[in-house]
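Chemist: So the sequence lines, in the order shown, correspond to chains A and G.
Number 224 in the working numbering belongs to position 224 of the first sequence; there are no gaps in the numbering.
Number 21 in the working numbering belongs to position 21 of the second sequence; there are no gaps in the numbering.
Mixed in with the good hints there might be a few duds.
Partial list, computed: chain A residues near chain G (C-beta under 8 Å) [claimed, not checked]:
hint, residue
1, D7
2, P12
3, E232
4, C251
5, A254
Simulated from the structure, these hints should not be mistaken for laboratory data.
Note that the Cβ used here is the ideal one computed from N, Cα and C, for glycine as well.
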Amino acid sequence: MHAPEFDSVPIPARIQTIQQLTADTALFRLKLEEKLPSVFIPGQFIQLSVPAGGEIPISPADLPAEDGTMELCVRRFGHVTSLLHRTKEGDQVGIRGPFGNGFPVDAMSGKDVLLLAGGLGIAPLRSLLFHLLRHRSDVRSLTLMYGAREPAVMLFKNELLDLANTGSLRLLLTVDFLTETCQTEPACNVGLLPTLLKGVQLEPGHSCAAVCGPPPLYRCTIDELLRAGVVEDNIYLSLERRMKCGVGLCCHCAVGQYFCCCDGPVFRYRDIKDIPGAL
Amino acid sequence: MVRHFLPDNSLGQFLDGLSLFGALHGPVRTTEGVEVFGPVRTESDLLLNYRRTLIPPKKYLLPPRQTILNYTVAAGYTLPDEPEPHIILFGVHPCDLQGIAYLDRVFLGDRPDRLYRRRREAITLVGLSCEPDEFCFCTSDENIPRNADLFLQHVEHGFLVSAVTSKGEEMLDGLGKLLASSRITPQTSAEHRMMTRIREVARSGKTFPDSPLWERFAARCLSCGACSVCCPTCYCFDVLENGALDGTTADRFREWDNCLFRAHGEVAGGTNFRPDRRERFHYRYLHKYLGFGTLAGVPACVGCGRCRVVCPVDIDLTELFTEDGDACS
Ligand SMILES: Cc1cc2nc3c(=O)[nH]c(=O)nc-3n(C[C@H](O)[C@H](O)[C@H](O)COP(=O)(O)OP(=O)(O)OC[C@H]3O[C@@H](n4cnc5c(N)ncnc54)[C@H](O)[C@@H]3O)c2cc1C
Ligand code: SF4
Ligand code: SF4
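Only chain A is shown next, with the shape it has when bound in the complex (with noise of 0.2 Å):
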């Protein structure tokens, strides 16, 4: 796969919509002015350049289009994401990209499929429930467990249930907990993501999962996987590190060995368990 050099120039894109998702995050419709210099596939990253405030790593949250347009579900963090939250809508921003390995797709084909949301990590996994949706027939089955903090932050909610009332995905949504003002939340569970797995049994070998949260979620959910039956080689982990150039230049993001921004983000759990420090 070629990654673009990391000094090229961006891409210039301009912002269609905003849509405001919760207090601290937007889902960004972009418009890109060239194509994409290579297919991008569901876990890639791209870099997004906010002009005069610098540039961030950020996961595609849908597949890009063909008319060029681009989802990005953007948490208001620091220095970038704050000026990219006070953008308005016609503004210019820029793209690089896609780097990274992205889930593998062809993988997946043929078995139960589970894809393990917590906060934010459901950004990349979004996308990939798309392309799994569009060729919904080359898996077996397909299940989202998603997690959020409150019902207050829980992303894309309606979306997904619509998406499970078509019947073509089987999704369970927890929460840590329930605060006063919902209390009548429904289709929710209330606990922490793996209480999800609990007494779930999948067929080792015809089963995967593809994991993307918070650090502490991967060491929570994985004894879990594994003991439902998912096999260390198809557990798929998109791990988070700083990353600056994208192409393995500038030493940041190394996980034991490997990039995390070229050799990954996506990892298989087998490749990396005993990594110190990987997860």
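Please build the complex by placing chain G with the ligands on the supplied structure of chain A, with the hints as guidance.
Modeler: Here is chain G with the ligands on its own, set in the frame of chain A:
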């Protein structure tokens, strides 16, 4: 390889000849008394018997701060287009030549870096043999490093000069009248035991997880970063953008970063993948001795000894190897 003899008293003219090909830089002493690579005005500026400069020649290829993109509202992001002046870098020791060879593998390998390439192509390397001291342990298995364009070896009353590349030959063409043919065979030296050990460690992928040294290093390291700044093969960089207050123009630049700094492993939201010094030393160790990515298995340390000289609290990662039962010093 043909070696020519250059007598001491012709060095000035030889340097004049070299400077026809570009601005002459070499080891000089600053007014503050620091030995650095810098512009050479006259032969007497040159430190022909220097031990090591404070900062290695990587600064010519990867400047501490370098603009990578410019931004204006009208033009968007554009590549800066500054011509690179041609530089003849004189007096580079074998360890530093090997340092450059390593950087070449990183920046001209499978992910070529345009900015690095431009600077690399604009530099001519004139190597110079050196006298090792107690801090260094460079590999002398190639007595004439292959990436020097010209290489000079100290001999009695002068130097032996060899042209290693065609660029080097071209430069010697015009300087023939200063050179005499020579039958002197320069001394060769064996590989330093420490370097042999480092190569073994890189091959076997040893990480010494149980060594008590990690704790001892972590307890006294000041996280000053001097060991990386002065290392000829440390190249981690940060990318930052400096926007004008009104947001209409900006410079995106890369800047030397440092794996011993706390922020190196930090991501948004405060998670830090290497929050303590011990982990940061492990990271430095992995990169320096075992290698990352496509360079896994290729040790980056070239034995220049700079990190051992500069560390204010005498931390020396190579103690890991001696600790392991192999007396190397
Ligand atoms: C592969 C990948 C995919 C991501 N996808 C998303 C996404 O879909 N949505 C989303 O909201 N966030 C995502 N992030 C996190 C996002 O990159 C950070 O939130 C962002 O870099 C923070 O920048 P800032 O300037 O606002 O924060 P500050 O804290 O001000 O950060 C300063 C600088 O540090 C660097 N930095 C900080 N955090 C990170 C980080 N996690 N990774 C790399 N560099 C960092 C950035 O260059 C940033 O400019 C992703 C990160 C990675 C590595
Ligand atoms: S690690 Fe130390 S001795 Fe080795 S090349 Fe770097 S500065 Fe020189
Ligand atoms: S020079 Fe010494 S004190 Fe400074 S960061 Fe390196 S090891 Fe730590």
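Chemist: Against each hint, give a clear statement of whether it holds in the structure.
Modeler: To see whether the hints hold, each was checked on the structure:
no.: 1; hint: D7; verdict: 4 Å, holds
no.: 2; hint: P12; verdict: 5 Å, holds
no.: 3; hint: E232; verdict: 21 Å, violated
no.: 4; hint: C251; verdict: 4 Å, holds
no.: 5; hint: A254; verdict: 5 Å, holds
Hint 3 alone, counting from the list given before, is not met by this structure.
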